[in-house]
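Keeping their order, the protein sequence lines are chains Y and C.
The end of the first sequence is residue 282 by our numbering, with every number in the run present.
The end of the second sequence is residue 1345 by our numbering, with every number in the run present.
Don't take every hint at face value.
[As the list claims (entries may be wrong)] Here are the simulated SDA-like cross-link-like pairs (lysine to any residue), alpha carbons at most 20 Å apart as the crow flies:
(1) Lys214/Y - Asn1332/C
(2) Lys217/Y - Trp1086/C
(3) Lys1240/C - Asp1261/C
(4) Lys98/Y - Pro123/Y
(5) Lys197/Y - Glu269/Y
(6) Lys1330/C - Asp213/Y
(7) Lys1275/C - Thr67/Y
(8) Lys214/Y - Asp1048/C
(9) Lys1228/C - Arg237/Y
(10) Lys217/Y - Ser1066/C
(11) Lys1339/C - Asp1261/C
(12) Lys1343/C - Met1041/C
(13) Lys214/Y - Glu1336/C
(14) Lys221/Y - Gly1067/C
(15) Lys1095/C - Asn1082/C
(16) Lys75/Y - Glu1307/C
(17) Lys139/Y - Gly91/Y
(18) Lys1046/C - Lys1247/C
(19) Lys217/Y - Lys1046/C
(20) Lys1135/C - Ser1218/C
(21) Lys1047/C - Lys1339/C
Don't read these hints as lab results, they were simulated from the structure.
Bear in mind that the values here come from a model prediction, so they are computed numbers and not experimental data.
For reference, the chains in residue letters:
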Amino acid sequence: MKKSFFKLTLSHIIHLVAVFFLVSTAKSGFSSTNLAPPRPENKKSPIPQICLDALSIKSKVSELKWTLRPGKGSKGNVRFIYQTILSGKGGAQLSIEKKSVPQKTLYLSLKTLKQIEFYKLNPSSPKKCHVTLLRKEKKTRENSHYKLTGFKTKTSDFTDDDLKMLLKESKKGIIYLWSPHMPYSVGSLYPLQNVAKKLKLPLTILMDPLANDKEIKKVTKQFSLPSKLTRRNKAERLHLQGASLHFPNYFFYKEGKISHVQLFGAKGEEAIHEALEKAASK
Amino acid sequence: MNTPKLVKKLKSFHFFLIFFSLFIGSYDMAYSNPKEWSVEMTMAPKKDPKYFFRPVPDSPFISYTSGTRNYLLNMETGREINIPHWVDAIPTPFKGLVTIPKLVPNIRVAPRYGFIPEFGSMEFYRTNDLLKGKKRPFFKDRTLPGAYQTMAIIEKNEDKIILRMVTESFLNKKNVFLQDYEILLNHDQSPKKMRTLYRRAKKFCPNIEVSLPMLSKSGKYFAAVDPKSRHMKIYTMDDKFKCHLFKDLQMPTGKVDFSYDDKLMAFHVSPVNPKDVAYVVKTQDLSNQIDIMTYNLETGYFNWVSECKKSNCYYPSFTPDGSLYYMKQKANASYEFVKLKRKVQ
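In isolation and in its complexed conformation, chain Y is listed as follows (with noise of 0.2 Å):
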């Protein structure tokens, strides 16, 4: 009796461990797709230095801005990726996503303006990080983003290209973002376009990439908008910074570099002369 009782519980103990097992891994399978990505109080890095350095990044992770944007995985999950510019290799966009499983693994792109380089990274101690050069795909137009019927990119569009262009031969100036379907930014373009006269300052107008070309026709004959204000806005940097998800918003660069400083909303002289000056004290 003795024996069959002990038999017993070492086979309960066996499915405790299992049950705990499971538990932690389903626990743990939630935590790294749907729950809240790291606390902003935790303002680590989401590469270490010795994998930027692996790569031949020249950057400091300390210096990087990154944003998180949310990407879909095979069963409706939510994948957490960050993103970041760089300001050297032309711009080239990092974007980085952890997994736990193999451990402390890291998948990083590395987008140029003409290839996609993928890397797997593991940072197996403070001093070493493990670099796999997964694939590498030429960048072409059907990589965009911007592919759904009758959204396709065409030669006027502004494109990532055009950015750097503008970045490299204005010193400063404004970018605005409007849409024909957002009115209050139809009607922002006047006091706008007033500061950047008195201020000799290039403006740069670009429109909602999703913009409907009937609703188009019908703003610009409404308010008797010339055409050059309908050239829609593709470049992904832009994009990248939440440029699609309000019109109008304005970015403000300097020195072949986007401020941090944005506005969004209708705004009024006052205003956008506000934030002119906190992007040029930046």
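The hints should help you fit chain C onto chain Y, whose structure is shown.
Quick look at chain C alone, frame taken from chain Y:
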């Protein structure tokens, strides 16, 4: 307890453990469930809508703008009613009123193109009057400048509601303002009388800089864009209207709407292009650029609403019964309004 009884008990426990293991083994349970929501109804408006719209609580109507007109659309019948003005007709969080900023487009001021949106007043219309085709405002408030109005019910009893409205001024100022209103109700809960509670509008969050705030329905929280980080953040407000950070979502999002129980937030985001990500998984949907997520304020979980395959979905908005509306821009560039019902509460 004698040994055979203990063995018997342990045997039943053994069965329980095996059963429990099988249940826990269903790993899929750990993921978000896109089937959390189901489509209850869709309705294509007669005219192409502007982006922003809102459902009228406890009614089949939604308010939307097309061209230079505001409409109330009956989601069940497709009937549309013209209502005053041409921007942001936003219903109050209770059925009684629809608020519309009266803007004065002054095209003559701009010599070539554009117009200056001059703010006239915030107008409050009885929903029932609008449904009957009446276009006379029930109340006008000239104390609150600007637009982008958002509202909360601060206090409610059978004969009175205290409504809070926050607006952002855009005419040569960048400040956000707040006004509270006392609304006396009739027996049928329709608004009888209304007055502002402050002689002048209060400055909203004078201690921090926020943009495009959206109040939760109870006024307990609000979400706003931090113009320095571009992140959507959730704040609370104290009695002196000073604001305090509650949660940083750490990402740019579209306008936020809170559920009536203050538990869920919904917003549109721009999902990362799966082709830009090194870790490859087969996703259900690769084609959309704007999609809707929820964030659970209690659990901290994010979920995709995931009904927007090959379309773009914008401006989610809750109703008192927990349903969620959004606007869908389809692949052929046509539009429809969608009402989702939540399967899991």
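* Asked: Hints broken by the structure, by number, lowest first?
  -> 3, 18, 20
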